Amino acid sequence: MEDFLIELAPPLIRGILLGGLYVVIALGLSLVFGVMKLINVAHGDLVILGSYFAYAAMGWLGIDPFLSLVVGVPLFFAFGFFVQKFIINRTFRISLDAALIACFGISVVVQSLCQVIWTPFSRSLTTPYQLRSFAVGELTISVRYLLDFIGGLAVMIALREFLRRTYLGKAISAASQNEPVAERMGINPNRVYSFAFAIAMACAAVAGVLQGLTFYFSPVSGPPFLIISFGVIIIGGLGSMAGTFIGGMIFGLTQTLGAHLSGGSMMVQMLAPYLLVFVVLSVRPQGIFGR
Amino acid sequence: MSETAVLSIDRLNKHFGGIVAVKDLSFEVQAGEILGLMGPNGAGKTTLLNMIAGTYSPSSGRVNFCGRDITGLPAHKLCHLGIARTYQIPQPFTSLSARQNILVATKYGGKKAAGMEHDKIFDLVNLSEQKDMLARDLATVSLKRLELARALASNPTLLLLDEVAAGSTDAELPRILGIIEEIRKMGKTVVLVEHVMKVMVEAVDRIIVIDKGEKIAEGTPGEVMKDEKVIAAYFG
Chain Z
10 MEDFLIELAP
20 PLIRGILLGG
30 LYVVIALGLS
40 LVFGVMKLIN
50 VAHGDLVILG
60 SYFAYAAMGW
70 LGIDPFLSLV
80 VGVPLFFAFG
90 FFVQKFIINR
100 TFRISLDAAL
110 IACFGISVVV
120 QSLCQVIWTP
130 FSRSLTTPYQ
140 LRSFAVGELT
150 ISVRYLLDFI
160 GGLAVMIALR
170 EFLRRTYLGK
180 AISAASQNEP
190 VAERMGINPN
200 RVYSFAFAIA
210 MACAAVAGVL
220 QGLTFYFSPV
230 SGPPFLIISF
240 GVIIIGGLGS
250 MAGTFIGGMI
260 FGLTQTLGAH
270 LSGGSMMVQM
280 LAPYLLVFVV
290 LSVRPQGIFG
300 R
Chain W
2 MSETAVLSID
12 RLNKHFGGIV
22 AVKDLSFEVQ
32 AGEILGLMGP
42 NGAGKTTLLN
52 MIAGTYSPSS
62 GRVNFCGRDI
72 TGLPAHKLCH
82 LGIARTYQIP
92 QPFTSLSARQ
102 NILVATKYGG
112 KKAAGMEHDK
122 IFDLVNLSEQ
132 KDMLARDLAT
142 VSLKRLELAR
152 ALASNPTLLL
162 LDEVAAGSTD
172 AELPRILGII
182 EEIRKMGKTV
192 VLVEHVMKVM
202 VEAVDRIIVI
212 DKGEKIAEGT
222 PGEVMKDEKV
232 IAAYFG
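Chains as they are written, first to last, in our numbering: chain Z, 10 to 300; chain W, 2 to 237.
Hints listed in this document are in silico derivations from the structure and should not be mistaken for laboratory results.
Predicted, not measured: the structure shown is a model, and the values here were computed from it.
C-beta: ideal position from N, C-alpha, C; glycine also.
Hints may be right or wrong, so weigh each one.
[To be verified] Computed footprint of chain W on chain Z; a stretch qualifies when at least three of its residues, placed anywhere within it, have a C-beta under 8 Å from a C-beta of chain W:
1. 174-185
2. 195-208
[Claimed, not checked] Restraint ranges, calculated between C-beta atoms of paired labels, are given here:
3. Z:I236 / W:P41: 49 to 55 Å
4. W:V202 / Z:T175: 45 to 51 Å
5. Z:L105 / W:N42: 31 to 37 Å
6. Z:Q139 / W:A140: 53 to 59 Å
7. Z:L105 / W:M198: 42 to 48 Å
8. W:D70 / Z:L109: 54 to 60 Å
9. Z:D73 / W:T141: 53 to 59 Å
10. Z:L109 / W:E229: 55 to 61 Å
11. W:G18 / Z:T128: 54 to 60 Å
12. Z:A65 / W:K78: 41 to 47 Å
13. Z:I236 / W:T141: 27 to 33 Å
Modelling step: build the complete structure from the supplied sequences, incorporating the hints.
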């Protein structure tokens with residue numbers, strides 16, 4: 010029994026830490042959905058674009074992935090702002106469906122662009138610290154998973170404080186709660202949308218770096234992360250930052266524990282989180298922390 | 002159109018499919034005036050407010066505000082120009098505190114001259130003690146007042162009030178009348194939709210009665226109450 014528990018510790022810790030990566034990805038998706046009720050199906054691809062951006066900065070200029078975010082975050086922010094302003098806001102005038110199709114279009118363009126520039130081969134952000142680990146008592150902790158967790162926590166707190174403390178954040182909260190009234194109070198919804206998408210893209214830049222340090226990636230790696238984000242949001246509950254955070258941890262845990270308990274079965278690792286999603290949807294469809 | 006008109010409605014029409022909600026409606030509201038809009042349920046009062054406030058575009062006709070054609074402008078632009086409205090059913094931002102609700106309106110709505118200080122607004126609507134409570138925890142009566150406070154916070158020229166007194170007890174009416182009187186003293190122009198007759202009779206300079214989307218009477222409260230068409234519209 011004791012052996013069983015000791016053996017359980019590594020996947021437990023790995024699951025929680027890895028959850029941080031899922032949190033960063035899911036937060037961007039959740040923000041856009043919360044504000045404009047749009048499922049940004051390109052979000053996973055934009056995260057992978059973030060990975061490639063860091064990859065390019067490393068390959069061409071020899072810059073550390075985290076350092077590349079100094080340029081990457083503002084660049085993705087600006088890119089997101091203009092994509093929303095000039096593409097998605099215009100499609101909203103037609104319908105929400107049109108905007109969804111535009112997102113599909115962005116997904117295809119981003120994937121193809123990555124194929125053309127970086128070829129379909131798998132890449133990773135190879136850094137000196139990426140594969141390192143250190144010991145805490147009898148446990149070994151991988152640096153890359155720890156970075157995922159720190160990144161997840163940092164982005165979640167930053168986003169929450171931004172929404173609570175800044176005027177723009179309040180406008181975003183107000184517009185996602187009751188858009189007609191927010192507009193009546195002088196808030197221009199199109200501007201709020203542009204900023205929301207810009208922030209989601211900035212999150213995607215951070216997520217891209219974490220993702221690239223954790224896993225191999227290729228131009229088609231994005232969609233699985235989109236699906237994972239849905240799972241995280243369903244488990245945690247839409248519109249709750251803390252819920253998304255806990256949801257990410259639970260998702261990671263289900264993966265690592267599923268793999269551990271099944272003796273390393275890839276299929277169980279892939280399926281286990283979605284079984285949980287199924288259970289949450291049938292028992293508590295608003296998610297664990299949702300209202 | 003006279004020069005002092007803050008709001009001028011010119012042959013306004015609104016259809017929803019085959020249903021006519023507002024039909025050929027024209028009237029003016031002068032600066033500093035409090036105009037009452039009356040009519041049976043479904044007469045088109047709220048639709049009219051929605052067209053003035055930019056929630057709906059009229060099917061035809063013009064809306065002029067301070068001499069400027071504002072027909073079809075989006076709601077946030079109208080807010081910046083100086084039109085505020087309250088909703089019959091309070092629509093606060095539930096996850097924000099009362100104070101933050103006001104802050105949002107001041108920051109995004111009050112792009113003109115500086116308006117009232119927040120503390121004064123809270124004093125006026127008697128919400129000072131509850132200003133740090135989350136809007137979702139406030140009682141309905143307080144939410145009605147928050148709705149008023151938020152509309153005032155954007156420092157409007159024209160205030161559209163949709164049934165501020167509905168659901169209030171008789172004991173609360175004097176306070177609501179007092180608030181409307183204070184708003185008048187600030188020199189604001191008000192269009193008031195109201196079912197509570199006491200508010201209409203005591204607070205309003207002039208009343209327009211609409212029925213089935215058409216204007217059927219106009220005049221001082223005393224005149225309108227005696228009008229046969231009005232009596233017929235209300236009592237069949």
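key: Hint check against the structure, violated hint numbers in rising order   = The structure conflicts with hints 8 and 13, although it agrees with all the remaining ones.
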